[in-house]
Structures are given as C-alpha cells and as structure tokens.
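Undergrad: Protein chains in written order, with the working numbering: chain V, 1 to 261; chain B, 1 to 300; chain Y, 1 to 317.
It should be emphasised that the hints constitute simulated quantities derived from the structure, not laboratory data.
It cannot be assumed that every hint is accurate.
What the hints assert, rightly or not - With a straight-line cut-off of 27 Å between C-alpha atoms, the simulated DSS-like cross-links for lysine-lysine are: (1) Y/K111 / B/K284; (2) Y/K111 / V/K100; (3) Y/K27 / Y/K155.
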Amino acid sequence: MEEISKSPAVPILELREVQMQFGGVTALRGISYGIPSGIIQAVIGPNGAGKTTLFHCVSGLLSPTSGEILFRGRPIGGLLPHRIAELGISRTFQHVALFKSMTVFENVMLGRHPRTRSGFWATGLRFPSMRREERRIAQEAMYYLDFVGLADEAELPAGALPLGKQKILEIARALATEPSLVLLDEPAGGLNMRETEELGDLIRRISETGTTVALVEHDMNLVMEISHRVLVIHYGEHLATGTPDEIKDHPAVIEAYLGEG
Amino acid sequence: MDSFTFGAALLQYTISGLTIGVIYALVAIGYNIIYNVTEIINFAQGEFVMLGGLFAVFFTQTIQLPVSAAFFAAVIVTGCVGFAMERLVIRRARSSTVLSLIIITIAVSILLKGSAMFWWGKNPYSLPAFSSGRPFIIAGAAVQRQAIWIFAVSALVVICLTFFFRRSAYGKAMLASADNPSAARMVGIPVRQMILLSFTLSAAIGAAAGVSITPISLMEYDRGALLGLKGFGAAVLGGLGQFFGALVAGMVLGLAESFCAGYLSSGYKDAVALVLLLLALFFKPEGLFGSREAAKLKKF
Amino acid sequence: MTPRDWRIFVITALFIGFFPWVVQPVKAISHYVDVMVFAGIFTIVCLGISLLMGYAGQISMAQAAFFGIGAYTSGILTARFGLNPWAAMPAGALLAALVAWVVGIPALRLKGHYLAMATLGFGVIVHIVLSEEVAWTGGPSGMVDIPGLQVVGLKLKSELGWYYLVWTVVFLVLLFCFHILHSRVGRALRAIHEEESAAEAMGVPTARYKVQVFVLSAVLASLAGSFYTHYVTCLNPSSFNLMWSIRFILMVMVGGMQSLWGALLGTVLMTFVGNEWLHVFADFEVLVYGAILLLVALFLPKGLVSLVPRRAAARSI
Numbered sequence: 001m002e003e004i005s006k007s008p009a010v011p012i013l014e015l016r017e018v019q020m021q022f023g024g025v026t027a028l029r030g031i032s033y034g035i036p037s038g039i040i041q042a043v044i045g046p047n048g049a050g051k052t053t054l055f056h057c058v059s060g061l062l063s064p065t066s067g068e069i070l071f072r073g074r075p076i077g078g079l080l081p082h083r084i085a086e087l088g089i090s091r092t093f094q095h096v097a098l099f100k101s102m103t104v105f106e107n108v109m110l111g112r113h114p115r116t117r118s119g120f121w122a123t124g125l126r127f128p129s130m131r132r133e134e135r136r137i138a139q140e141a142m143y144y145l146d147f148v149g150l151a152d153e154a155e156l157p158a159g160a161l162p163l164g165k166q167k168i169l170e171i172a173r174a175l176a177t178e179p180s181l182v183l184l185d186e187p188a189g190g191l192n193m194r195e196t197e198e199l200g201d202l203i204r205r206i207s208e209t210g211t212t213v214a215l216v217e218h219d220m221n222l223v224m225e226i227s228h229r230v231l232v233i234h235y236g237e238h239l240a241t242g243t244p245d246e247i248k249d250h251p252a253v254i255e256a257y258l259g260e261g
Numbered sequence: 001m002d003s004f005t006f007g008a009a010l011l012q013y014t015i016s017g018l019t020i021g022v023i024y025a026l027v028a029i030g031y032n033i034i035y036n037v038t039e040i041i042n043f044a045q046g047e048f049v050m051l052g053g054l055f056a057v058f059f060t061q062t063i064q065l066p067v068s069a070a071f072f073a074a075v076i077v078t079g080c081v082g083f084a085m086e087r088l089v090i091r092r093a094r095s096s097t098v099l100s101l102i103i104i105t106i107a108v109s110i111l112l113k114g115s116a117m118f119w120w121g122k123n124p125y126s127l128p129a130f131s132s133g134r135p136f137i138i139a140g141a142a143v144q145r146q147a148i149w150i151f152a153v154s155a156l157v158v159i160c161l162t163f164f165f166r167r168s169a170y171g172k173a174m175l176a177s178a179d180n181p182s183a184a185r186m187v188g189i190p191v192r193q194m195i196l197l198s199f200t201l202s203a204a205i206g207a208a209a210g211v212s213i214t215p216i217s218l219m220e221y222d223r224g225a226l227l228g229l230k231g232f233g234a235a236v237l238g239g240l241g242q243f244f245g246a247l248v249a250g251m252v253l254g255l256a257e258s259f260c261a262g263y264l265s266s267g268y269k270d271a272v273a274l275v276l277l278l279l280a281l282f283f284k285p286e287g288l289f290g291s292r293e294a295a296k297l298k299k300f
Numbered sequence: 001m002t003p004r005d006w007r008i009f010v011i012t013a014l015f016i017g018f019f020p021w022v023v024q025p026v027k028a029i030s031h032y033v034d035v036m037v038f039a040g041i042f043t044i045v046c047l048g049i050s051l052l053m054g055y056a057g058q059i060s061m062a063q064a065a066f067f068g069i070g071a072y073t074s075g076i077l078t079a080r081f082g083l084n085p086w087a088a089m090p091a092g093a094l095l096a097a098l099v100a101w102v103v104g105i106p107a108l109r110l111k112g113h114y115l116a117m118a119t120l121g122f123g124v125i126v127h128i129v130l131s132e133e134v135a136w137t138g139g140p141s142g143m144v145d146i147p148g149l150q151v152v153g154l155k156l157k158s159e160l161g162w163y164y165l166v167w168t169v170v171f172l173v174l175l176f177c178f179h180i181l182h183s184r185v186g187r188a189l190r191a192i193h194e195e196e197s198a199a200e201a202m203g204v205p206t207a208r209y210k211v212q213v214f215v216l217s218a219v220l221a222s223l224a225g226s227f228y229t230h231y232v233t234c235l236n237p238s239s240f241n242l243m244w245s246i247r248f249i250l251m252v253m254v255g256g257m258q259s260l261w262g263a264l265l266g267t268v269l270m271t272f273v274g275n276e277w278l279h280v281f282a283d284f285e286v287l288v289y290g291a292i293l294l295l296v297a298l299f300l301p302k303g304l305v306s307l308v309p310r311r312a313a314a315r316s317i
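So here's chain V without its partners, still in its complex pose (with noise of 0.2 Å):
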C-alpha cells in the first residue's frame, strides 16, 4: 500500500482551478488537485470549508462556475450526474439518501442501473433479454450485499435499518454501480467506534478492489489510518497535501483546526 501512494501514479480525477459561486457566496475558490489512480484519498477541512460542494460539483450535482474537472483524462464539468454515473463515478451522501420505502435488495439493484439497459417496453412487454438482464441484476446485487456484509437484512426496508447501517447500505448502491472512483461523504459520520472501525475494514478492502475511493471525512483518527494522501481545503481553497503523516505536523493545518475552534 506504501508503494502505491509513493508511485507518480496517473490521476484518476484531476480538478483544475474549480470555482463554485452561489450569488454571492465563493464556497470553491480555484481548487487545482490530481486524485492518483487506486488510492484511498481523504478530503478534510473544518466545518464549511466546501467538500462537500467538491463532491457536488465532481459527480454532476452541481456545474462549477469555472474550471475544468478531468475524469480519467475526460472532462467532466458540467455534464448531468447519471452521465458521470455512466462514466464511472459513483458517491454516497452526507445525509443518508436512500430510498427508504424500497428494500435494501432493491437499493443496490438500483445500483446497477448504469450497467443494464431495458426499457419500457423490453419490461413492459417482458422481453427474454429483460428476464435474463434482472435475473443478472439480482445476482449482482446479492454479491454487493454480501461484499458488505447485508446479506441478511435484504428484504428489509431500507429506511428500517440502523443509521450506521444505512450508511453501509448506500456504500453497497454505490459500488453496484461499478465506478472506478466512488465518492464518501462523510461515511463515518454517526458511526460508534466499533461501526467506524468495521467501516474502515471495508473502505480498504474497496480499495483492494482497485477502485479509487475518494472520502470526506472528520474522524481524524480513521483518515490517518486508512488513507494513503490527505487533501485540506479550508474556506474553499486547497491549503495542503500530502501523505497523513506530513498533514498531522503541517503548520497552516494546525492552525486552520484551532483556529476554527
């Protein structure tokens, strides 16, 4: 794992000077980072600081103002999210956006949507491809269940889970849909200690997978031991990057943290 944050590696996802306006209000003020294929990358900054506006504007919920993002060398801003989707970017969210009435089976079915076809008429009409492509569906999402460990919750509904497990559920949605960069926001976020710690067990193995995980997180104590590079933004600017370790001792990092408080 040391190697693979060590190695130049090509950036899965590079944002160059992404500005995001709101009327008035700069939250992203000319962000310029590569994301290296492969790794677990922490995005971090105090309350407000604009990350989540960051993972907005990469998976399509917003367009930046200005700037361009690349996707694998493709630009992406500006294009609409189930696009981003098709290319390869999926994301979980801050405040958990599941379809709560469907069934957790049904979550990650939805999950694969980007990869299968059939319309309308194919499921009205119920065409053999239609039978074989959810047959195959449902196949592929019981795989995503148990790669999380919700194998036996499937036929529940979603919005009856534990919040910790509602979390698990939406990182579960997202992989079915295949990205190659998935997104967490916050995926730690009121999680108890053991849950978090589970949770890390999983962000790694995602990344054994060989997708990039990308992760806002405020749990400090998680990104220092799962990430392999550390991204700080504060007040909508990049003030540093490097490698957990560098970050921990960086001086403007400090004193962003306790300046806030």
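Given chain V, work out where chains B and Y should sit, using these hints.
TA: Just chains B and Y now, with coordinates in the frame of chain V:
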C-alpha cells in the same frame, strides 16, 4: 378602419385589460401571502374571489345593505371562510405530502364552489357599481367609474400590505415564519397564528377583488377556477412572493387577454393567459423580476 | 409480479369473468355490466395515474385532457373521415404521446405545486380548444353518431361483448404495468419519487424517465378515451374538463395510489358510487366529491389498500 376609431379601440382594450389585470394582481397577491408563510399554493384562491362577489350580492340584495357596507361585510365574511379553511383543514394536513396538500386545497375549492352553487344557484349575479354615473370618455374610449374603483381598491391593498410587511411587527413576524419556521418559533413567533392570519388575509384580499369586479363582469359560482389560474399566472410571472411583480404581471396578463379578445378571438381569450402561465412556468419559473439564484433556493 | 400479486390477479380475473353471469339475470342489477364497462375504461386511465403519480411521484392534473385527446381523435377520424376505429385508436395514442412529450419536457422540470398548476393549466387549454374548434369537435354541443367498434368483422353490439373486450384490455395493461414496476424501470421510477438527486447520481436519467412515464400515462388515457368514444358514440367537452381529471385522481386515491390493485379497486368502487348513488344529489354531486376527496386526503392518504394488513411490509408493490 379610420385611425381615430382604431386608436379609440386600442385605448378601450388597454383600459379594460388593465382593469381585469389589476384583479388578477389581487388574486396573485392572495397566493403570495399564503405562499410566503407556508410555501403552499392554495388552489382554492380563486374561490375566495367568487365568494367575495356573491357575498356582496347577498348583502346588497337580500339584506339591503348599501354597496360600501356590503363590500366590507363580504370581505370580512370571506376572510372568515379563509380562517375556517386553515383552522379546520390545513392545520390537520400539516404532515401531509405535497400531493396530499394539493389535493386538499383542490377539495376545498370544490366544496366552496359546490356550496356557492347550493346557495346561489347557477345564475350570474350583478352588483351596482360603487358609485353611479356615466362613464368618463377619454379620447373616445369609455372608462367606467367602477374601473376607477378597482384601481383604487388595488392601490390601497398594495400600499397597506407593503406597509404591513415592511413596518409592522406582525408583518415582519409573518415573513420570518416563512423564511425559517423553526427559527421563528424559537424566537417566540407564533408560527401557527401567522399561518392562520395568512389564510384569513389572502381570503379577504381575494374577496375584495371579487366584490370590485362583480359590477363590471357579473359573478357566478363557477368563475373561481379560471380567475384563480390566471391570478396564479400573474403570481408566477411576477415572481412568486413579490407584490409589486404581481401587480405588473397581472396587468400584462390582463392586456394580453384583452387584446386577444379584441383583435383575435374572444373564445380563446382565456387560453391566452393560460399559455402565458405555461410559458412562464416552463421558461422563467423565477418570474420576470425574480432572480434565478433566489428561485433555486426555494423548494417548489 | 410476486406470488401474492398473481393470486390476486387470478382471483380478480375470475371475479370479472363471472361477474356478468351473476348480475345479468337479475333485472335490478343487470345494468351493472354497463357500469363495469365504464369502470374498465376508467381503470385504464387510472393505472397510468398510479404509475405516474403513485410510483414516480409526478403530479398531473391533465389526465382528462389526454383522455379527451384520444376520444376526440377517434371520434373525428371515424365519424368525419370514415377511418376504421382500430386505425384511429393508435392515431389518438400517437397524438397524445406527442403532446405529452412536448408539454412534458419543460413541465416535468417543475415539481410539486408548480407541476400541478402547469398540468392544470394545460388541461384547461385543451378543454378550451375542444370547446372552440367547432368545425372539428362540434364545440360545446359535441359530436354524435360516432361508429361503434367491430371485432374480427363482427359489430360489437352487446354490453357483454364490450365488457369482455374492455376488461381484457384492462388486464393486459395491468400486466404491462406490473412488469414495468418489477424491473429496473420500476425501481428507477420509485427512486425518483423518493430521492431524486440520489437516483440521478446512481445513473438514472431522471428527466428522461419522468417524461417517458408521463407519455405512457397519456397514451393509456388516450386509449381509454378511444374506447369511451366508441362505446358511448357521442362526445361532449364537459367529459374532459378539470373536474374529470380530479375525479380520476380521486378514484386512484380512494384505492391507494401506490398500488396498481388500489387503482383498480378505487376506480371500480368510485365508478359504482358515482353511477349508482351519487346521481341522486344531481347538481350537488360535486359537493359530495369534494367531501370524499378531502376526507380521503386527510384521513386515508394511502387509500383503502393501506387498511389491508400485510406480512412483508417491505414489498410495497
């Protein structure tokens, strides 16, 4: 066509367009008040207009009140209907989904319309103008005295509301409840009362519009829906929640309708305002005077 | 479809199949077959509403307008141009689809109250056009002498024939809708209803799906309109006004919007209530409708099916 009559006709259409437009503006203001406080679009808004007109008919013809007293009586009674609507229905629907809320206000509108038919039947009623006398003739176009009254009533409503929301503690509290209900509650604003007040007030304003227009265009039980829709058009075009915008947009709609009736087809005059409503919703939902940024922040 | 849905399907089909045998011999209720033909026609509209509003969460107050587009296209093409009704029917569906598509693309960017107002406004415009284009539609007095339907060369005369034809179509549409719901498309629609931006981020082209399900509901309404035209053989714009859009929604709400069975149950029930009992109120029928609408929305927002206890609460289809 010689130029004099052409000019006179143009002026005539303009005047009648502005007159009806001001009515739409009043309806729009009714929507705005409720929307400002609750973010609900009240689909029964048009029925308040109809009720205002018909109550005024009741007070002048059955109880034999003078028109001016009937005006206030109708406004107060319709205000009470708005009050009752909030108290009996909207309050129970607090936790409903948007769809349920829409259905609920539509149901209320059906009930009001049905009740009006029950009491007044299906015939249109007329009301004497607020002041009698021949119309003024300006450059060959006739301006009915009632039109002047309509402008006066609307001007009064707009001035009072502006004053109310900008200056009075009550009005400011209402805006605050709209902005952030939980924060308003925390600083001690009785949000429930504000919602109740908004329904009462907007019903009363709708009624004022209804009483004013009845001497010109008569009133019957089923006029509410269309008046409501056009008023909503004015509200959207003017930027939902904005009083001045509603006034301008109402007049734009009124003019478009009047010119269509005059120069194109009277059958389609109702459609014109609706097409404008759709165009506004589709292409400029933030309204002519609203900013896109601000509209983004509101949940439609 | 789940095994439970299949069981209900078979039971319902048997019930519908034997229904005329039971009611026709009894003079007092033999006209129930006629009522059920209307119930079937309305069910086709209401299944579309259930998909659009109950599952995908998109509000439309214009379903009566699409019902009218189908009805008048069939009426005009057959009565004025002598076209075969079976050819006029897809023409109506195509026109409804086209109109729904053109209106839907901008309208479905709106949500909630705005979407409701936009579709309501559109519905009123269609009604105005039906009343004003006298040369085509006959205007407010409507059209008469529209030909009936022929099935494989036989003129469909009896109510019984109509009954079986319409209900066969209902069951086919029901199957179609169920299959959509139990597929990636159905999951996408429900996801849009619950968390639109999450659905979008998971790769669901939400805008396209919303327009597609709107078009589907319009096509179903239009087909129902065509059947309606050929069954009653006369048309009047007042069957396609705002009140009818609201009535359709009421039917679906009574049964339960988020259930196709609820849509079917509510439609049959409300059609019977409307035809059999409410007409004693004559003009004041509308008051009763308003009251039912209000009570259902306030106290039974999920409809009658929500009263049925279910074992697996999760499988909410």
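Undergrad: Taking the hints in turn, state whether each one holds.
TA: Evaluated hints:
With a C-alpha separation of about 14 Å, the suggested pairing of Y/K111 with B/K284 holds against the 27 Å cut-off. Distance hint between Y/K111 and V/K100 is fulfilled; the C-alpha atoms sit about 20 Å from each other, no more than 27 Å. Note on Y/K27 and Y/K155: the hinted pairing holds, with a Cα-Cα distance of about 25 Å set against a maximum of 27 Å.
Comparing the model with each numbered hint stated earlier shows that all of them hold.
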